[in-house]
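Going line by line, the protein sequences match chains W and D. Under our numbering, read the first sequence as residues 1 to 376, first letter to last. Under our numbering, read the second sequence as residues 1 to 376, first letter to last.
You may find that some hints are simply not true.
To be clear about the criterion: a stretch of chain W counts as covered by chain D if any three or more of its residues have a C-beta under 8 Å from a C-beta of chain D, and this derived list gives those stretches [what the hints assert, rightly or not]:
id, stretch
1, 44-52
2, 157-168
Mimicking EDC-like on lysine to aspartate or glutamate, the simulated pairs with C-alpha atoms at most 16 Å apart in a straight line are [claimed, not checked]:
id, chain 1, residue 1, chain 2, residue 2
3, D, Lys214, W, Asp316
4, D, Lys312, D, Asp116
5, D, Lys297, D, Glu329
6, W, Lys297, W, Glu207
7, W, Lys312, W, Asp116
8, D, Lys297, D, Glu307
9, W, Lys373, W, Glu337
10, D, Lys175, W, Glu169
11, W, Lys175, D, Glu169
12, D, Lys308, D, Glu284
13, D, Lys373, D, Asp270
14, W, Lys214, D, Glu55
These are computed hints drawn from the structure, not numbers from a lab. Here a beta-carbon is modelled for each residue, glycine too, at the ideal position from N, C-alpha and C.
Protein chains: 2
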Amino acid sequence: MRPNFRRLGWAAHSEAEYLYRVEFDGINGLRSAIDNSLASFFDRESTYLGRVGSELEPVADALGHFLLDSGKRLRPLFAAIGHIGAGGEVTPESIAALSALELVHVCALIHDDVMDCSDTRRGAPSIHRQFENLHQEQSLHGSAEQFGIASAILFGDLALIWAAKMLHESGMSPKYILQALPVYDEMRVELMAGQYLDIYEQAFASESVERSLKVARYKSGKYSIERPLHFGAALAPAAMPEVYSTYSNYGLPLGEAFQLRDDVIGVFGDPAQTGKPAGDDLREGKRTVLIASTLNKVSSSQREAFEKYFGKADLDIAGVHTLQEIIVETGALARVEALIEEMTFNAHQALISGGIAPMAKQMLDQMAIAATKRTA
Amino acid sequence: MRPNFRRLGWAAHSEAEYLYRVEFDGINGLRSAIDNSLASFFDRESTYLGRVGSELEPVADALGHFLLDSGKRLRPLFAAIGHIGAGGEVTPESIAALSALELVHVCALIHDDVMDCSDTRRGAPSIHRQFENLHQEQSLHGSAEQFGIASAILFGDLALIWAAKMLHESGMSPKYILQALPVYDEMRVELMAGQYLDIYEQAFASESVERSLKVARYKSGKYSIERPLHFGAALAPAAMPEVYSTYSNYGLPLGEAFQLRDDVIGVFGDPAQTGKPAGDDLREGKRTVLIASTLNKVSSSQREAFEKYFGKADLDIAGVHTLQEIIVETGALARVEALIEEMTFNAHQALISGGIAPMAKQMLDQMAIAATKRTA
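For reference, chain W alone in the conformation it holds in the complex (with noise of 0.2 Å):
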């Protein structure tokens, strides 16, 4: 039997509760009227998965748990307060069509934990394990790894279609809809163009913190934060010029911010907040401005000792500390977060000229705090 996937939390069905809760929950309703629309998108979908064939059942399931059990809903949150700077209504047509964004990061965290061989994704099996363990219970023929990567593979590209007909089918008017797409098409672009900076960057092994921070500006400023403001502004009636680049100036220094955060928590995180073993990144060998910026100021000792334990699969817990001790002393932990409070700031300081609605701006710069303050 499926789970029920309704029973995420309030159902809006006027534009007077929707705007009730925004006013009021302010980004908790945002996220929990998300979360509502993504669930009922879901539920059509599955519906339809089940209509195909019972073996899609399975595909279903692990994509409604992928999609509704957990998330941040950072980049549909992004993208509904800028719709509202802009000048943009809070419907459940415009919420729909906001939402899509999560389904395209869906796409992106399925193929990027095949990509790194990643065997977990929030605490649970990554959906590549989940229908590798699917086919050897199964007693399926064939290569069960092989079988895992396929399936993600194309459940991947199903999550990218399905944000495409989330937009679709948002029921905002076929006008707003054509003025967002060149927005949504090149963000789209872009994520795939920075995820290959960033394999590359990887490969490539570059001690360059200069380069590191293209990638970070590619996959974090433009994609996480950046273009879904820009999709959000796009979706409204008429957003002035002014408001797009109000968006692009918080944006950008912001998202490098979150993803310095990002790579410091891949660090230094909990494993009982990230759901991540200790120093994941560490062990990948994951190329950051971070490791990039250690070193440049390692001595011979600490290099040698950096380059016995970084990127070693099978790092323990006493050379993730090594690494750990490296990255302090050299001084670049504390450099990076001098570089996120630095960025953060010129966030916070973009707003002030702005252009943009008054709750939108405090919604912004609650989030540059929650995106950058966080521990997991």
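With chain W held as given, fit chain D onto it using these hints.
Chain D only, in chain W's frame:
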């Protein structure tokens, strides 16, 4: 240096020229127009990638060769004929919108090769192998194989995104684009659902002709023929409902016949024509209608021989011949050929009642022959 992708075919600059080409060159004229449209879209996008960073130049090169060096353009052709048959005009704008389907197919092929671990595609190394090679040539860090897979996943995603971008930016009236989006989305969901049914069917090692036919219906009937025709019709000002049903009555049987022909070629095809090793589908252990139909009629000694050779990665040419003989002796090849003939006949018949513009009807008859009489 990037090759000059503008070298392809003719460039038409006016509607009159387009119409002239299509009226006098028929399907070949349409194919040239599609090639030309893909080349100019690609040109813009590869310039964009180059601006993001020089790391992306090999990406643009690889995708350019993959997209432009070969390909039968089957889906854009059906879409174009579907458009003409529903009263749509052949213009540079409509050709751009219709050609988007080729990029959807590029996504499917690139991802398919990763899913199947295929080394070659159209006689050249598959994309994931190309980037595995790049990793080795540049002596990059980490697993070359994993880098190849990760790259191919991202480039398949990018092709899917480019497809949507090409449609959105085609310059067709927004009204017609919006009209076509539901068919476009449904086609893509069906594609992914069909692909999963296919890999599940392979792993399930089904011997059911009925189940194999269902996979053929989703993978080819709907995705390759029926939906492209509907997509073309939806891009026309006002297609009559009977046009859609004629396209289904033509497309579904023809699509199955097309897939059955593919299956026959996968077993009996000439490597010089297919660009793949002889008996490749046998080595891969591909569960097709042809195989299910064989297994329904094998003697116990034939089954023994079959199980010894089928799906073995090291299958040699003698083993291929043994399997081919069994497939012929059980009458499976003859039954599948009869099925192809029957379904192709049904497809031709569907056009008689039709409601389809005469030029399109004639082209669809030609396409039915091309799709089912081919040898590669």
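Cross-check of the supplied hints:
1. 44-52: Coverage by chain D holds here, the residue count being 4 at a Cβ distance below 8 Å.
2. 157-168: Since 8 is at least three, the answer is holds.
3. D:Lys214 to W:Asp316: Violated, because 50 Å separates the two Cα atoms, which is more than 16 Å.
4. D:Lys312 to D:Asp116: 14 Å, holds
5. D:Lys297 to D:Glu329: 9 Å, holds
6. W:Lys297 to W:Glu207: 11 Å, holds
7. W:Lys312 to W:Asp116: Between Lys312 of chain W and Asp116 of chain W the Cα gap is close to 14 Å, so the pair holds against 16 Å.
8. D:Lys297 to D:Glu307: 14 Å, holds
9. W:Lys373 to W:Glu337: This hinted pair holds, its Cα atoms lying about 10 Å apart.
10. D:Lys175 to W:Glu169: 15 Å, holds
11. W:Lys175 to D:Glu169: Distance of about 15 Å is within 16 Å: holds.
12. D:Lys308 to D:Glu284: 13 Å, holds
13. D:Lys373 to D:Asp270: 14 Å, holds
14. W:Lys214 to D:Glu55: Given pair Lys214 of chain W, Glu55 of chain D holds - Cα atoms ~12 Å apart, limit 16 Å.
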